[in-house]
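If you want the building blocks of each chain, they are given just below.
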Amino acid sequence: MSGHPSTYEPKYAATKWMDQRLPIIRMGADFMTFPSPRNLNYWWTFGGILALCLVSQIITGIILAMHYVPHIDHAFDSVQRIKRDVPYGWLLQPMHAVGASMFFLAVYVHMLRGLYYGSYKAPRELLWIIGCLIYLIMMATGFLGYTLPWGQMSFWGATVITGFFGAVPVVGESLQQWLLGGYAVDNATLNRFFALHYLLPFVIAALVGLHVWALHHAGQNNPIGITPKTKQDTLAFHPFYTVKDGFAVCVFLLIFAFFVFYQPDALGHADNYIRADAMKTPPHIVPEWYFLPFYAILRAVPDKLAGILLMVGAIAVLFVLPWLDTSKVRSMRFRPVARRFFYVFLVMCFILGWCGAETPDNIAFPFGTNDAGEKVGLSFYRLSQIATIYYFAFFLIILPVLGLTERPKDRPESITKAVLGGHKGAAAPAE
Amino acid sequence: MSETLNKETETVDDEGKRDFIFLATGAAAAAGAASLVWPFVAQMGKAADTLAAGSIEINLSNVPEGQQLKTLWRGKPVFVRHRTPAEIAEAESVDVSALPDPQTDDERLVPNSSGKVNPKYLVMVGVCTHFGCVPVGEAGDFDGWYCPCHGSHYDTSGRIRKGPAPTNMAIPPYEFISDNVIKVG
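Sequence lines, in order, name chains A and B. For the first sequence, this note's numbering begins at 666 and goes up steadily by one. For the second sequence, this note's numbering begins at 273 and goes up steadily by one.
It is possible that part of the hints are untrue.
In the DSBU-like style, the derived pairs of lysine-lysine whose C-alpha atoms are separated by at most 30 Å in a straight line are [as the list claims (entries may be wrong)]:
| no. | chain 1 | residue 1 | chain 2 | residue 2 |
| --- | --- | --- | --- | --- |
| 1 | B | Lys455 | B | Lys392 |
| 2 | A | Lys1082 | A | Lys909 |
| 3 | A | Lys894 | A | Lys1082 |
| 4 | B | Lys318 | A | Lys945 |
| 5 | A | Lys1040 | B | Lys434 |
| 6 | B | Lys392 | A | Lys894 |
| 7 | A | Lys993 | A | Lys894 |
| 8 | B | Lys289 | A | Lys945 |
| 9 | A | Lys993 | A | Lys1074 |
| 10 | B | Lys342 | A | Lys945 |
| 11 | A | Lys896 | A | Lys993 |
| 12 | B | Lys455 | B | Lys342 |
| 13 | A | Lys909 | A | Lys894 |
| 14 | A | Lys945 | B | Lys455 |
FYI, nobody ran anything at the bench for these hints, they're computed from the structure.
Make the full structure from the sequences, and use the hints.
So, in structure tokens, the structure goes:
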């Protein structure tokens, strides 16, 4: 799996026997000795954190499936039963539900890190694309899983999202009913959503295998984006990065545990404690927080199909990012102009998230009141349009143009020089 | 023995025949596999019992004036609105050509056995044509329905007037089986 010469030598008769037949111990050993750039910072620990999230979601998910009943008459009650009656269900169910949020939190940090440090540039285009694919399937899995508790938000979220397919010209309605297995979201829908929610994490696991393979073939990027040239530029993965990742995991788990133990419902929606009702739409439908920016993009145009195309485009554009960014310099540390635009992009993503949580016609920034005493100003609708335009402009205009016009700062010759250069005379070892 | 066989096959001049057999076998296998895909795709569609649970009867006289009956048909709410004279007048006075989905009020009603429409009763699928939420009655800028999800406004005829929904609320297939009873579906 790894692209570096193996230094593993089996010591014992048993390991020698094994090595000749199935060199799986060698694979693990090579993984541990994999030469990693010596300057990786804490933003690089999220890969390991994400692996932990996936494992945690699969284990808690399988346990929940042992108690959950995928039927519209029983689903809601069975989830409440897990929380109240099943031994340690109070712990395992929030671990899974909060875990989904933590998974998305980590994946967003991981993606933004890749964006900032140019981790998608040659030779890591496929690595990036596999990552985008994982993210896409994560979104599908998250959506399917949110339907299962069969609360009001589950039901109406499922109705709205499957409604996207109804917007496809000509075949839309047939396609939507084929997905639902009926005229509306019903038992057939719940059954298949459960089956697919169980399947997709294993597809993700397989893609993670490819992701790590591609990573070890191309080698890790690093904060200065310069390829390691000598042995001095790298450190063995273990113990250096296992320990660093381990520390980051501990901090991450503290946040995770805070939500699981003290705020298990903070990241969800109160309406999901009301059983699904096909006759009554909640007054204010919102998706889970991790979908809010895309929801805002969907609502930024008054046309149904155009809204969906924009939302799909917002994710599709990530897949072609390696060819949109024309700059040869990977890390934005050496791209002062691009870095500013990146920070604005980050702010715009948060603004989109905020817009997605609010009613479009409400006023985000009031300028005053009109004659009727109503607030006037910039509505969330207009604000989401501004942020949507910036989101797309960042990828489709700013990055392609900046690569050709921006003058990057001088880059250090090597990782070793960059690491030691700034710390001359310092007694403590460099980061 | 095998050597002689190999030699023979090498010298046989039947390449065209082999290509044909190769292609024919491949095509048969591909067609077989493709035909097996269909059941796997079609099983996702509506099952027979879902299709069978198709029609309901509604007694219109149970709906007082100015009130709305909401009932479930094929997993979706159906609205039966007993409209007030003011609502009917409002629905009929609209300039149809200016609507996003032009339809007169009469076009949205189904004639009874004597061929006349009764404008008092508006029957429609109570599902917003945007993303399928259930609109709230007696609300919105046009005194009809308002969808809380993404802000679509419908008038007293259930026609889309403002907001992201592309079309008017759907009229289900229904017929009068007596003066006051309709059969939906």
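Results for each hint:
1. B:Lys455 - B:Lys392: Cα-Cα ~17 Å, so holds.
2. A:Lys1082 - A:Lys909: holds, 22 Å
3. A:Lys894 - A:Lys1082: holds, 11 Å
4. B:Lys318 - A:Lys945: holds, 24 Å
5. A:Lys1040 - B:Lys434: Answer holds: lysine 1040 of chain A to lysine 434 of chain B is near 21 Å, not above 30 Å.
6. B:Lys392 - A:Lys894: violated, 82 Å
7. A:Lys993 - A:Lys894: holds, 18 Å
8. B:Lys289 - A:Lys945: It is violated: about 68 Å lies between the C-alpha atoms, which goes past 30 Å.
9. A:Lys993 - A:Lys1074: holds, 12 Å
10. B:Lys342 - A:Lys945: Given pair lysine 342 of chain B, lysine 945 of chain A holds - Cα atoms ~10 Å apart, limit 30 Å.
11. A:Lys896 - A:Lys993: Cα-Cα ~24 Å, so holds.
12. B:Lys455 - B:Lys342: Distance ~15 Å between lysine 455 of chain B and lysine 342 of chain B Cα, so the pair holds.
13. A:Lys909 - A:Lys894: holds, 23 Å
14. A:Lys945 - B:Lys455: Holds. Lysine 945 of chain A to lysine 455 of chain B sits at ~23 Å (cutoff 30 Å).
The structure shown violates the earlier hints numbered 6, 8.
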